[in-house]
Structure formats: C-alpha cells, structure tokens
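Undergrad: Sequences and hints are given; from them, build the entire structure.
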Amino acid sequence: MSFRRKRKIAWTYLFLAPQFVLLAAFTVYPILMSYVYSLYDWSGIGPLNDFVGLSNFRAVLEDSSFWNAFRNNMIYMFFLTVLSLPTTFVAALVLNLKFLRGRTAYRTLLFLPVVTTAAIIGIVLKFIFGNDNALFNNVLISLGILKEPVGWLADPTKAMIVLIAVGVWKLFGMIMIYWLAGLQSLPSEVFDAAKMDGAGYLATVRYLTVPLLLPVATVILLLTALNGMHVFDMVTTLTGGGPYFATDMVDLYIYRYVFASGGFPQMGYASAAGIIFGLSIFALSVLLGGLVRVSGGKKAKSDAGWGG
Amino acid sequence: MRLRKKARQPLLHLLLIPICLVWIYPFVWMLFSSLKTNVEYVGAGLRLLPESFQWENYSRAWTVARFSDYFQNSVVITVSSVLIVLVVSALAGYSLGRGELPGKRWILLGMAALMFIPKGYTIIPVFQIIKHLGLLNTIPGVILAESSGAHVIFILLFMAFYRDLPKELEEAAEIDGAGFIRTFGQVMLPLSKPVLTTAGIMQFIFTWNSFFVPLVFTLNKPELRTLAVGMYSFAGENSVDYTGMAAGAAIALVPVVCVFVLFQRYFVDGIAGSVKG
Numbered sequence: 001m002s003f004r005r006k007r008k009i010a011w012t013y014l015f016l017a018p019q020f021v022l023l024a025a026f027t028v029y030p031i032l033m034s035y036v037y038s039l040y041d042w043s044g045i046g047p048l049n050d051f052v053g054l055s056n057f058r059a060v061l062e063d064s065s066f067w068n069a070f071r072n073n074m075i076y077m078f079f080l081t082v083l084s085l086p087t088t089f090v091a092a093l094v095l096n097l098k099f100l101r102g103r104t105a106y107r108t109l110l111f112l113p114v115v116t117t118a119a120i121i122g123i124v125l126k127f128i129f130g131n132d133n134a135l136f137n138n139v140l141i142s143l144g145i146l147k148e149p150v151g152w153l154a155d156p157t158k159a160m161i162v163l164i165a166v167g168v169w170k171l172f173g174m175i176m177i178y179w180l181a182g183l184q185s186l187p188s189e190v191f192d193a194a195k196m197d198g199a200g201y202l203a204t205v206r207y208l209t210v211p212l213l214l215p216v217a218t219v220i221l222l223l224t225a226l227n228g229m230h231v232f233d234m235v236t237t238l239t240g241g242g243p244y245f246a247t248d249m250v251d252l253y254i255y256r257y258v259f260a261s262g263g264f265p266q267m268g269y270a271s272a273a274g275i276i277f278g279l280s281i282f283a284l285s286v287l288l289g290g291l292v293r294v295s296g297g298k299k300a301k302s303d304a305g306w307g308g
Numbered sequence: 001m002r003l004r005k006k007a008r009q010p011l012l013h014l015l016l017i018p019i020c021l022v023w024i025y026p027f028v029w030m031l032f033s034s035l036k037t038n039v040e041y042v043g044a045g046l047r048l049l050p051e052s053f054q055w056e057n058y059s060r061a062w063t064v065a066r067f068s069d070y071f072q073n074s075v076v077i078t079v080s081s082v083l084i085v086l087v088v089s090a091l092a093g094y095s096l097g098r099g100e101l102p103g104k105r106w107i108l109l110g111m112a113a114l115m116f117i118p119k120g121y122t123i124i125p126v127f128q129i130i131k132h133l134g135l136l137n138t139i140p141g142v143i144l145a146e147s148s149g150a151h152v153i154f155i156l157l158f159m160a161f162y163r164d165l166p167k168e169l170e171e172a173a174e175i176d177g178a179g180f181i182r183t184f185g186q187v188m189l190p191l192s193k194p195v196l197t198t199a200g201i202m203q204f205i206f207t208w209n210s211f212f213v214p215l216v217f218t219l220n221k222p223e224l225r226t227l228a229v230g231m232y233s234f235a236g237e238n239s240v241d242y243t244g245m246a247a248g249a250a251i252a253l254v255p256v257v258c259v260f261v262l263f264q265r266y267f268v269d270g271i272a273g274s275v276k277g
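Residue numbers (UniProt numbering), protein chains in the order written: chain A, 1 to 308; chain B, 1 to 277.
A hint or two may mislead.
Chain B stretches covered by chain A per the calculated footprint, using a threshold of three residues with CB under 8 Å from any CB of chain A [unchecked claim]:
hint	segment
1	25-39
2	82-95
3	114-120
4	208-215
5	224-234
6	244-251
No lab work stands behind these hints: they were computed from the structure. Every residue, glycine too, gets a C-beta built ideally from N, C-alpha and C.
TA: This is the structure we're talking about:
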C-alpha cells in the first residue's frame, strides 16, 4: 500500500471520529447503562453498589400507576394512528391533483403545526380548551352545539379526546408529506394507461394508487405509531397527565421518578420502567416491521424522531 | 362532464379554505390575544380584534418575564447545535460516501442497529455524563446534549450526495496539489450546499422546538431556560397574565414559523426523504 493511500485512509477515519465519539458517548454508552442502572437501587448520587437483580422490574410490573400510564399511551397511539392515516391520505390525494391551484399554499398551512414548538402549543391550547369561558366552549355555544360550557380538560375521557385531536392536528402535515412523497414516487405511465382506458378517478385510486402505495403505507403506519409512543412535551404542558392521571403517559411517569422534586430520585426503578417501555416499543416495531416486509416495503431509513 | 370539470376547482377551494382557516386559527387567535388587555381577553368571547393594540404585552414578556434571556439562550443553543451537527455529519457523510473505508459496511449496519435496538431511559446516563463533565446547568451542557447522538438521516443525505459527485473533481483537486482536507473544504463542502441547507433547517427547527432536554439540563438555573422551558414556567407561575403569555408564545413561535416558510422546500424534502428510503 502506498504512503499516499495509507494517508488517505487515515484521514477518512479521522473524519469519522467526531461522529464516532458522540455516538459512543451519547448513544451506545447510554443504551448500555440504561440496562445496567435498572439492576440497582440507586438515587443517582454516589456509587452504584446496591445490586438488586430484577426486583425493580418486578416493582414496575406490579405498579398499577405504570399500567395506567401504559394503557393511556396505547390508547393515544392507537387513535392517533387510526384517525390520522386515512385523513392524511385523502388530504394528500387532494393536494396532489395537478389542476388544483394554490396547492403549495394549502400544504404550507396544513404543515404549520408540525414545525411549531409542541410545549408552547400545549400552553396555547390549554387556554383554548381550558376553562368555562375559553374559546372552544364559546365557539360551540354560539354555534348552538352546546348549551352549557364543558370542562374539556377536567373530565378524564374528554381530556384524552382533546389530547388525541390535538395530536392528530400537530402531526397531520407530516404524515401528509409522507403520503405525498409516496404518491409522487409512483410511475406515471401506469396512470396514463389507466386514463387512456377510460378509468374514472375513484376507480384509479381504488385499483391503482392504493395497491401501489401499500408498501409505503406500512412504513407510514410504523412511523406514525412510533411517534404516538413518545408524547412528553405536549402532554406535560397541556394536561400535565391529569385530571387524576387520566392522560398520564409512560414518559411522564418515568420523568416523575427521575426529575420531579420531592422524595429521592429513583434512577434504578425509572431505568427498569424505561426498559420495559423500550421493549414494548421494540415489539411494536417488529410487529409493524413484519407488515412492512410482507407488503414488500423498504425499511424506513429514519427513526420517527419528529414532531411529538 | 364539462360542467363538472369546471365546478371542481371552486368546489375544492370551498372545502379547503375553511379547513385551513380552522387549522391555523389557534395561531391567529394567539397573535390577536397577545395584543389585548387582560380584561378584554377574559371578556372577549368570539371577538378576535383588540380594541387597541397593546404592544406593552410584548415589552412585559420581554423584560419582566425574562423572555429576552430565554430568546438569547434559544438562539445560542440552536445556532451552536446546528453548526456542530452540520460539521460532524458532513464529515461522517464524506468519509462514508467518498473515502476509502475498510469496514464501511459494518459501520452502516451498526448505525442502523442502534436505531432499532430496544433502549431504556437513556437520558439518565446522558445526564450523568454531562454532570461528570461539569456541564450540568450550563449552556454548553445543553448544546452538547442537543447535538449528541447519531444524526442518521443527515449522515445518509451527505453520504448519498458525496458518493454521486464525479470522480474527476477529486482527481483535478489532487493534481492541483490539494490534500484530503483541502479537497473536502474547498471543493466538496461548498458543493453540498443543498444538503447543508436541508440538514441545517431540520436541526434548527428540531432544536428550537426542543423541550425535554433544555428542561432537564437547566432545572436549577432559571436564567438558562430556553423559550419553550421559560414559557412552561411562566404559565406555571403567572397563570393570570394571559395576554403576556400569548405575547411570550408569539415571541417563541414566530421565528421558527418564519424559518420554515422561507426554507420549506428544503425541510419538506428532508422529511419526505425518510419514507422514500
């Protein structure tokens, strides 16, 4: 090997080094340690010496508050996915119509909630839904839908409904962009041929677009579902997990054991809860990933780390 | 048939315009609320426009509620994090896409595996590292935590871009006597402006909107709060100053909305890239 070539290889590795260091310190090490901590009784201060085996895991699994948060999280994820997938698909179909003027403007407006700060949106929406005299009640009363103001965030079921609706609103634009990307990747010849054969629009959607998009659809399903599992920001500022923990989510539950003031932080217990939740998310992605494989879809390149 | 064709355009607009109005109404309402007096806000009902514009809500949020500090912190943290992430992922993307790298396949596989491996609550170890570096409750600590981890989408974008550049570019640069670094810095990096923009915008929006990391890493230092965290504590402390809070929310949201509207093509391309695979 020539000196010149060796030097080039050395530079190549050197270019990779900063990312490697960040990855090792802030991704690999934390993943490993999140497992290690879960085996100790540890407050986060002082040495890690009180090994307790799997008892943190047992304690988490026996805690009804954990299962309450877990159940809420699954309900949220389920309705977020079921409500947003079909609606965003229709929106993408409409905004993909070539003759429609102002498509970009509509797309921008529908996308706006995606790029705004979830934590701040939560606070603004708290004012809109929050008290008797708030905007949402005023609108419904003046439309004649309601006679009396309703405490939208004071009732367990209604608070969850608000949270899901807001979640759909916040994520809608992003899923719509996924669909649009999928629609634009379809081969145009097939659609030209269908047009020549005199196929109507709805028939084309039913017999061409939907089957052709199935692989992409499963990827979008996976991304949306994963997105519905982590909802810390919006829930913290909109409902704070209330009323009476009716909208508590696993991320909020764990947060309380680590950072909330009052009492000792329980890092080991929180880590065990985190792993149980992580494994659940992993099971969900394996399940939905299987669907992607069956439908012939490609593996999504990215984690669903957006919006939230 | 002709009539139906003619009618469909206005019909669709008739459907889309109300939907879009409702869609962005919370923002419009927030902006107008930020210009009312608190008394007017409470009694406003459905009335959107303020009687007269109360700009002092903004100066109250800016000075009394310390949004000037929060704004400055958000800008410093976001800009630093964008720069760090761009440098790190452009270097990694170049080395993976262009350089001669024995074991490249394994590196890519490892990165993919890290994304899918079941994780626990990884913020606790990250918190410990930042603490041991002595950066807890400091701005650099927040910046480091925001820039950390693998930016897989960005690395892949850079990698694909550099891989597809013609080989002659490199050869020409080498004939001119440029080494590896100069070839990258003076020829390749300037060419990758589209990817730099996409990754930069995405990271900007991501960091600006971040709540959890700045919340956790500035728990004991109110003066280090970002806009999102500052807004959260403001809402917790002064829950009767509605219009001041609306002004604060506007201060926090307007910059990110402007950045998005100006650069939306790049941002949307980046998002769409993650499903196209």
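Undergrad: Each of the hints needs a verdict: does it hold here or not?
TA: Right, here's what the structure says about each hint:
Counting residues of the segment 25-39 of chain B whose C-beta lies closer than 8 Å to any C-beta of chain A gives 5; at least three are required, and the coverage claim holds. Residues of the segment 82-95 of chain B lying with their CB closer than 8 Å to a CB of chain A number 7, which satisfies the three-residue condition for coverage. With 7 residues having a Cβ less than 8 Å from any Cβ of chain A, the segment 114-120 of chain B passes the three-residue criterion, so the hint holds. Remark: the segment 208-215 of chain B is confirmed as covered by chain A, as 4 of its residues place a Cβ nearer than 8 Å to a Cβ of that chain, reaching the required three.
Counting residues of the segment 224-234 of chain B whose CB lies closer than 8 Å to any CB of chain A gives 5, which reaches the minimum of 3, so the coverage claim holds. Here the segment 244-251 of chain B counts 3 residues with a CB under 8 Å from a CB of chain A, which clears the bar of 3, and the coverage holds.
The structure agrees with every numbered hint stated previously.
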